[in-house]
Amino acid sequence: MSASEPAVAIRGLTVVFGGVVEAVDGVDLTLERGQAVALIGESGSGKSVTLRAIMRLNPERKTRIGGEIRVGGADVMAMSPKALRALRGRAVAMIFQEPLLALDPVYTVGQQITEAIRQHERISAGAARQRALQLFERVRIPSPERRLDAYPHEMSGGMRQRAMIALALACRPQVLLADEPTTALDATVQIQILLLLRELQAELGLSTIFVTHDLGAAVEVADRIAVMYAGRIVEEGSARDVVLNPHHPYTIGLLRSRADGALAKGTRLKTIPGSPPDLANRPPGCPFAPRCFLAEERCRIEAPAYVDVKPSHRAACWRTDVAHAAFQADKAPVLEGVS
Amino acid sequence: MSMTIGSPTVPLARDRGGPAQPLLTVDGLVKHFPVKKGFGGAKAVVRAVDGVDFAILKGETLGVVGESGCGKSTTARLIMGLIAHDQGNLLFDGERIGSRALPLRDFRAQAQMVFQDSYSSLNPRMTVEGSIAFGPRVHGVPKRQAIERARSLLARVGLEPARFAARYPHELSGGQRQRVNIARALALEPRLVVLDEAVSALDKSVEAQVLNLLMDLKQEFNLTYLFISHDLNVVRFICDRVAVMYLGQVVEIGPADTVLAAPAHPYTAALLSSMPSMDPDARTQVAPLAGDPPNPIDPPAGCRFHPRCALVEPVCRGTVPPLDALDSIHRVACLARQPNSGHSLAQARRVAA
Amino acid sequence: MALATQAAAPVLDIAGGAAPAPAAADAFVPSRGFWGQVGHKLLRDPVAMVAACIILAIIAIAVLSPWITPMDPYRGSMLRRLKPIGDATYILGSDELGRDMLSRLMLGGRLSLFIGVTPVILAFIIGSAIGILAGYVGGWVNTVLMRTVDVFFAFPSVLLAIALSGALGAGIFNSIVSLTCVFVPQIARVAESVTTQIRARDYVDAARLSGASTLTILRVQVLGNVLGPIFVYATSLISVSMILASGLSFLGLGVKPPEPEWGLMLNTLRTAIYVNPMVAALPGLAIFIVSISFNLFSDGLRSAMEVKA
Numbered sequence: 005m006s007a008s009e010p011a012v013a014i015r016g017l018t019v020v021f022g023g024v025v026e027a028v029d030g031v032d033l034t035l036e037r038g039q040a041v042a043l044i045g046e047s048g049s050g051k052s053v054t055l056r057a058i059m060r061l062n063p064e065r066k067t068r069i070g071g072e073i074r075v076g077g078a079d080v081m082a083m084s085p086k087a088l089r090a091l092r093g094r095a096v097a098m099i100f101q102e103p104l105l106a107l108d109p110v111y112t113v114g115q116q117i118t119e120a121i122r123q124h125e126r127i128s129a130g131a132a133r134q135r136a137l138q139l140f141e142r143v144r145i146p147s148p149e150r151r152l153d154a155y156p157h158e159m160s161g162g163m164r165q166r167a168m169i170a171l172a173l174a175c176r177p178q179v180l181l182a183d184e185p186t187t188a189l190d191a192t193v194q195i196q197i198l199l200l201l202r203e204l205q206a207e208l209g210l211s212t213i214f215v216t217h218d219l220g221a222a223v224e225v226a227d228r229i230a231v232m233y234a235g236r237i238v239e240e241g242s243a244r245d246v247v248l249n250p251h252h253p254y255t256i257g258l259l260r261s262r263a264d265g266a267l268a269k270g271t272r273l274k275t276i277p278g279s280p281p282d283l284a285n286r287p288p289g290c291p292f293a294p295r296c297f298l299a300e301e302r303c304r305i306e307a308p309a310y311v312d313v314k315p316s317h318r319a320a321c322w323r324t325d326v327a328h329a330a331f332q333a334d335k336a337p338v339l340e341g342v343s
Numbered sequence: 002m003s004m005t006i007g008s009p010t011v012p013l014a015r016d017r018g019g020p021a022q023p024l025l026t027v028d029g030l031v032k033h034f035p036v037k038k039g040f041g042g043a044k045a046v047v048r049a050v051d052g053v054d055f056a057i058l059k060g061e062t063l064g065v066v067g068e069s070g071c072g073k074s075t076t077a078r079l080i081m082g083l084i085a086h087d088q089g090n091l092l093f094d095g096e097r098i099g100s101r102a103l104p105l106r107d108f109r110a111q112a113q114m115v116f117q118d119s120y121s122s123l124n125p126r127m128t129v130e131g132s133i134a135f136g137p138r139v140h141g142v143p144k145r146q147a148i149e150r151a152r153s154l155l156a157r158v159g160l161e162p163a164r165f166a167a168r169y170p171h172e173l174s175g176g177q178r179q180r181v182n183i184a185r186a187l188a189l190e191p192r193l194v195v196l197d198e199a200v201s202a203l204d205k206s207v208e209a210q211v212l213n214l215l216m217d218l219k220q221e222f223n224l225t226y227l228f229i230s231h232d233l234n235v236v237r238f239i240c241d242r243v244a245v246m247y248l249g250q251v252v253e254i255g256p257a258d259t260v261l262a263a264p265a266h267p268y269t270a271a272l273l274s275s276m277p278s279m280d281p282d283a284r285t286q287v288a289p290l291a292g293d294p295p296n297p298i299d300p301p302a303g304c305r306f307h308p309r310c311a312l313v314e315p316v317c318r319g320t321v322p323p324l325d326a327l328d329s330i331h332r333v334a335c336l337a338r339q340p341n342s343g344h345s346l347a348q349a350r351r352v353a354a
Numbered sequence: 450m451a452l453a454t455q456a457a458a459p460v461l462d463i464a465g466g467a468a469p470a471p472a473a474a475d476a477f478v479p480s481r482g483f484w485g486q487v488g489h490k491l492l493r494d495p496v497a498m499v500a501a502c503i504i505l506a507i508i509a510i511a512v513l514s515p516w517i518t519p520m521d522p523y524r525g526s527m528l529r530r531l532k533p534i535g536d537a538t539y540i541l542g543s544d545e546l547g548r549d550m551l552s553r554l555m556l557g558g559r560l561s562l563f564i565g566v567t568p569v570i571l572a573f574i575i576g577s578a579i580g581i582l583a584g585y586v587g588g589w590v591n592t593v594l595m596r597t598v599d600v601f602f603a604f605p606s607v608l609l610a611i612a613l614s615g616a617l618g619a620g621i622f623n624s625i626v627s628l629t630c631v632f633v634p635q636i637a638r639v640a641e642s643v644t645t646q647i648r649a650r651d652y653v654d655a656a657r658l659s660g661a662s663t664l665t666i667l668r669v670q671v672l673g674n675v676l677g678p679i680f681v682y683a684t685s686l687i688s689v690s691m692i693l694a695s696g697l698s699f700l701g702l703g704v705k706p707p708e709p710e711w712g713l714m715l716n717t718l719r720t721a722i723y724v725n726p727m728v729a730a731l732p733g734l735a736i737f738i739v740s741i742s743f744n745l746f747s748d749g750l751r752s753a754m755e756v757k758a
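Protein chains in written order, with our numbering: chain A, 5 to 343; chain B, 2 to 354; chain C, 450 to 758.
Honestly, I wouldn't trust all of these hints.
Said to hold, decoys possible - Quick list of in silico lysine-lysine cross-link-like pairs, DSBU-like style, CA-CA up to 30 Å:
| id | chain 1 | residue 1 | chain 2 | residue 2 |
| --- | --- | --- | --- | --- |
| 1 | A | Lys-274 | A | Lys-314 |
| 2 | B | Lys-205 | A | Lys-314 |
| 3 | A | Lys-66 | C | Lys-490 |
| 4 | A | Lys-274 | B | Lys-144 |
| 5 | A | Lys-86 | A | Lys-66 |
| 6 | A | Lys-274 | B | Lys-219 |
Source of the hints: derived by calculation from the structure; they are not laboratory data.
Kindly generate the complete structure, drawing on both the sequences and the hints.
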């Protein structure tokens, strides 16, 4: 890996399932080294598919992938099965929503971690176990010595998630992919895991892509946020810009529909009407147009290109200025109400 | 009741006790599940619900919040009689549920439930209208009338009958299925609807649509909600009062605006500050609670929260705090908030959120 | 049509939902219902359809056999014993008593199918009842019923069938009774596990909340969801049952001579295996074809019944 290349660079990624479902439709995303990017979207927006494409984890036979994916400069699309195996776990590691499904139930967690280390490195069993112990301490598992010999089902949800993070870090990867890692957890545990991820990322210099449907979780861990809708990134920028200065009507809709953003108790939430488009049968133009409060004739005919609303903050919308103005106008009464 | 729903089948539930009588009173509810501990080991019990008291007033929405394993879903199932309780009383509009004056079947005609898993709660072999019409059919409504009512309810929850009535559950999205479940719950014209994490599995934008629907329906059909959720933002938005549960007990109960703005119990405060920040400039720095929710098999002695509590003092390890009134509408089970409890903070009124 | 679609639009707008909702109002094809879908899928499964055609053809031949056999299946001729396949008079040869093999195979299908399929049907009814009851009621009822059933699992099914038939004595009726006893525990076990799964679904709880009686819930909500999987399992047992039934006849515990039955024919022809092995193998081939057809059809049925989530 050359140091000048970004950790992950995706250009024009398309993923088609079964020849018809365009799950990902032209995604460009750059993950700089040491950065954390959150991919936000609802179910079916293509966020997990994009994440899995980075390691080519989508089922090969049913999937057609197009575009370019580079991890540290290396072309993932051109990799041989052997090179892919070396990539997975070694350079790029992944954590999942449900550790119980990702961990092997018949081995102790310690065995799984030492096994993972020894698969990629020539190292004695004792040394590998020592590393596993350090990892457990690193992810703050209490009484780590004892927990190394526990089976996954003997651990609580939060501990399992920590153990899976330890397993992912076993081979000192540069890139960590996280697929909804806190969705199944209680809020009190979720915040602990989010803080742990943030801390590990800073200390180990990890580059992280964090897929979630929860804006709050994204704000807690990510430097940058990319909002996905119907297989496209509709807005991308620093977490600050996207949350406080959104320019795409879909981002604005997501922010407005949050229950904590309601003006007062008993008032109706501002919802996004309708439902996402059928990905096997995309309408022309902007995929969000049928649900958009600002849609005009042009939106239904021609897909909008990215507009740089400021350096490194882009939105795919014909009417970014109007959208942003509407968001600001909306915010004013809230501030009034507070003061 | 609205005219659109056709003629009522169940005799219109009369308001027996008047507006001051709580619709549902839960009094000393206990449910322990036996578990075998290891091979030949001693029998243990999961104290899922361990002495829960609260009342739901007529026309209000009471929220129940807490971590997984705190007993909130078990409480809902006990109230609905889906599982039998070990001890305690359940009063519906002043009558004991299961007594001669209010047999379980009569109670169930007035109380319905919406479950979290929208797919598992619909029969995959039944059309949507069939599922909704099932309850009225059981209560003797002729088939045509029951179907007619199902269709008008479908329209009411925002699913055009002509397009959706004949569909099967797998032909709907999650949000649409949950609308069907709500319609089914309303088909018997209940007075109380228990919503057990009913919006938790939905995407945020769909969740907002369903929350709006729930608020509209509550007004239109004069409903009372028991709203169980782990999402404090949603609870704050939709609930009038909120009960916080910890390890099978209610630790704080009061108006949602007070409890979730100025919590009296340190656990409520911790729950609140565990919510992710929406402000990139003010991210959470320290996790308010360490570790996972404890196991309800061996709850700690004294105050059950004391091993995780920031305000813990020796007295908390030995004394069980009662759920005492802080003021006329706000009760809390914390020694630090109860005068003369022996806790050094006992005089202070509140902790900051 | 366009007008109707437009009128539908406002309702559509609030009908929120995620993934696969078809975008246009008229994109939705009215549902066929569950069994309609299963049938539709089965019709597109060539293997299952071929198997079904073979089964239907053999059943039709067996039912019509008294009227369509080319020769009298009971009349033999000592002079024309063990003719080979392709003989001018006997197309499929003749057996050790000089009876026409083709006619006997056609008529034999009757008894073979009858004593093979009947035990499965009976076991399906009895086993489902036991299993569904145990699964739905649970508790000590489940323990008592299922432990009793487990006792039968201690014996291999072939041994159990032979032991029961031996104890009851030879004959068609006793053979059916003993095979039913062999299959009831197996079907009850499957029925119990399927019912326990369905019992835990929220829609069963929702039905209880609507005030429905246990019987109504079983009939309307549970039965439709459990009978399918049990039925699939039962069809897969037909092949085993046919082989066991023939085996019993082969051992002299089932059908008695001179009735033609494939298993029995196999037995009586075994003496001729060195003289005319092809003819001697014919009843075995018939058993093989029928049982594999039932298995293939059962496989097709199972995949057709998988409801997509």
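(message) Run through the hints listed earlier and report the numbers of any the structure violates, in increasing order.
(response) 4
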